[in-house]
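Chemist: Sequence:
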Amino acid sequence: MPVINGELVNTDCSYFRGDVPCQPNKQEGYHCAGCPVYTPIQKRILIIKLGAIGDVIRTTPLIRKIRQEYPQAKITWLTHTPAILPKHAVDEILKFDLPALIYLQHTSFDILYNLDKDKEACALHDCVRADEKYGYTLEHGVAFPANHLANHKYLTGIFDDISLKNTKSYVEEIFEICGWEFNGEDYIFDNHEDKGYEWPFDYQKPLIGLNTGCGDRWTTRLWSEQKWLALIKLLQEQNYQVVLLGGEQEHARNQSLSSQTGATYLGYFKLEQFINLMHQMDIIVTQVTMAMHIAIALGKKMVLMNNIFNPHEFELYGRGYIVQPDKACSCFYRGTCKFGVTCMEDLPAEKVFQYVAACLNPAKALGPVAG
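Just so we're on the same page, my numbering is the position in the sequence shown counted from 1, plus 355.
Source of the hints: derived by calculation from the structure; they are not laboratory data.
Check the hints yourself; a few may be wrong.
Quick list of in silico lysine-lysine cross-link-like pairs, DSS-like style, CA-CA up to 30 Å [what the hints assert, rightly or not]:
| # | residue 1 | residue 2 |
| --- | --- | --- |
| 1 | K429 | K398 |
| 2 | K398 | K381 |
| 3 | K472 | K450 |
| 4 | K429 | K488 |
| 5 | K472 | K420 |
| 6 | K488 | K398 |
| 7 | K472 | K442 |
| 8 | K706 | K560 |
| 9 | K520 | K472 |
Label-pair restraints from in silico Cβ distances [stated by the list, open to error]:
| # | residue 1 | residue 2 | range |
| --- | --- | --- | --- |
| 10 | N502 | Q559 | 52 to 60 Å |
| 11 | G496 | P717 | 47 to 55 Å |
| 12 | K550 | G361 | 42 to 50 Å |
| 13 | G373 | L715 | 47 to 55 Å |
| 14 | L715 | N546 | 14 to 22 Å |
| 15 | Q610 | H443 | 34 to 42 Å |
| 16 | N538 | E580 | 26 to 34 Å |
| 17 | P391 | I457 | 32 to 40 Å |
| 18 | E536 | A585 | 40 to 48 Å |
| 19 | G654 | V375 | 48 to 56 Å |
| 20 | I457 | N538 | 31 to 39 Å |
| 21 | G389 | H503 | 43 to 51 Å |
For glycine and all other residues, C-beta sits at the position ideal for the given N, C-alpha and C.
The task is simple: from the sequences and hints, build the whole structure.
Modeler: Next comes the structure, spelled out in structure tokens:
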């Protein structure tokens, strides 16, 4: 370790900052020489997972595996959405911007995991210095597996017929890319209970959160307002407390549903507050959206409505059910229905209600819960 003017400086310590005093110096007055809490970094690890938000959330199980394999690792994570990552579990969270890119190109890592096929992510895989690299590189200007471990996930992303036959969950696939086997490692997430948010709920009744939207990209996932109205009525008949969830895009729909049924709708919120609102729920009913990933990360029981995606993709950790339309979907990963009427119209509200009841009462289980 370097010595500056006779002073030992442990730049390899997990506490060391370089620009300001470290926490042990601030709190205890320790210097590097003879420091009783000196903790050398075991591995410097970079995760490149930029977006979307849901994919960033469902990549957090990797942190558990990294901490198991390298307890004293320094984990750096580059992303478009730093706010979604658990600050207590990631040592260095970087937003994808020019300062971060300059920094990364002038440091080095022991291990680099690039789990995105975006060209900019693959370019970083190629130019950032690291002893070991996993994930995706650039080949002829497009994403390509950096080694054989990424082959399976890569092929499911470029051939629909291979993707349809896939039986691995997303989490299994990213563990495989990194050279590990998935063993049920759960998400790491912040529920923001420490922020002091208050909610006007009767916690004596089951709280059923209905996330009514699905974003712009794949509108074939949308369930009609009539279906939501029917489900709300069934839930209210059982004296369940129904809470409508969504963002600005769902605001008008949720206002309409609330005015017609009396279901609770509190508006839309910034991300941290929305997460904490979801944390209050006993069960979440949702399509495949960011809210689905948040619900899984919060450990919530869930009824997941799916039509256009391979159901094997979703790891629910035995806490919920995947329910699909009675008619098989022919529009795999399509944003619009090629028949003009989405098969979600063939998913009865009664069927969704039965799975909500099964979540609340395991004795009414309708089959195995989703893994």
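Chemist: None of the hints should be skipped; say for each whether it holds.
Modeler: Results for each hint:
1. K429 to K398: holds (6 Å)
2. K398 to K381: Holds. K398 to K381 sits at ~25 Å (cutoff 30 Å).
3. K472 to K450: Holds - the C-alpha atoms of K450 and K472 are around 18 Å apart, at most 30 Å.
4. K429 to K488: holds (16 Å)
5. K472 to K420: Since the Cα atoms of K472 and K420 sit roughly 22 Å apart, the hinted pair holds (cutoff 30 Å).
6. K488 to K398: Roughly 13 Å separates the two Cα atoms, so the pair holds.
7. K472 to K442: holds (25 Å)
8. K706 to K560: Roughly 22 Å separates the two Cα atoms, so the pair holds.
9. K520 to K472: Between K520 and K472 the Cα gap is close to 21 Å, so the pair holds against 30 Å.
10. N502 to Q559: 52 to 60 Å: Given a distance of about 54 Å, which is inside 52 to 60 Å, the answer is holds.
11. G496 to P717: 47 to 55 Å: holds (52 Å)
12. K550 to G361: 42 to 50 Å: holds (46 Å)
13. G373 to L715: 47 to 55 Å: At roughly 52 Å between Cβ atoms, L715 and G373 fall inside 47 to 55 Å, so the hint holds.
14. L715 to N546: 14 to 22 Å: holds (21 Å)
15. Q610 to H443: 34 to 42 Å: holds (36 Å)
16. N538 to E580: 26 to 34 Å: For E580 against N538, whose Cβ atoms are near 42 Å apart, the range 26 to 34 Å is violated.
17. P391 to I457: 32 to 40 Å: Distance hint for P391, I457 holds at roughly 36 Å.
18. E536 to A585: 40 to 48 Å: holds (43 Å)
19. G654 to V375: 48 to 56 Å: violated (36 Å)
20. I457 to N538: 31 to 39 Å: With a Cβ separation near 38 Å, I457 and N538 satisfy 31 to 39 Å, so the hint holds.
21. G389 to H503: 43 to 51 Å: For H503 against G389, whose Cβ atoms are near 47 Å apart, the range 43 to 51 Å holds.
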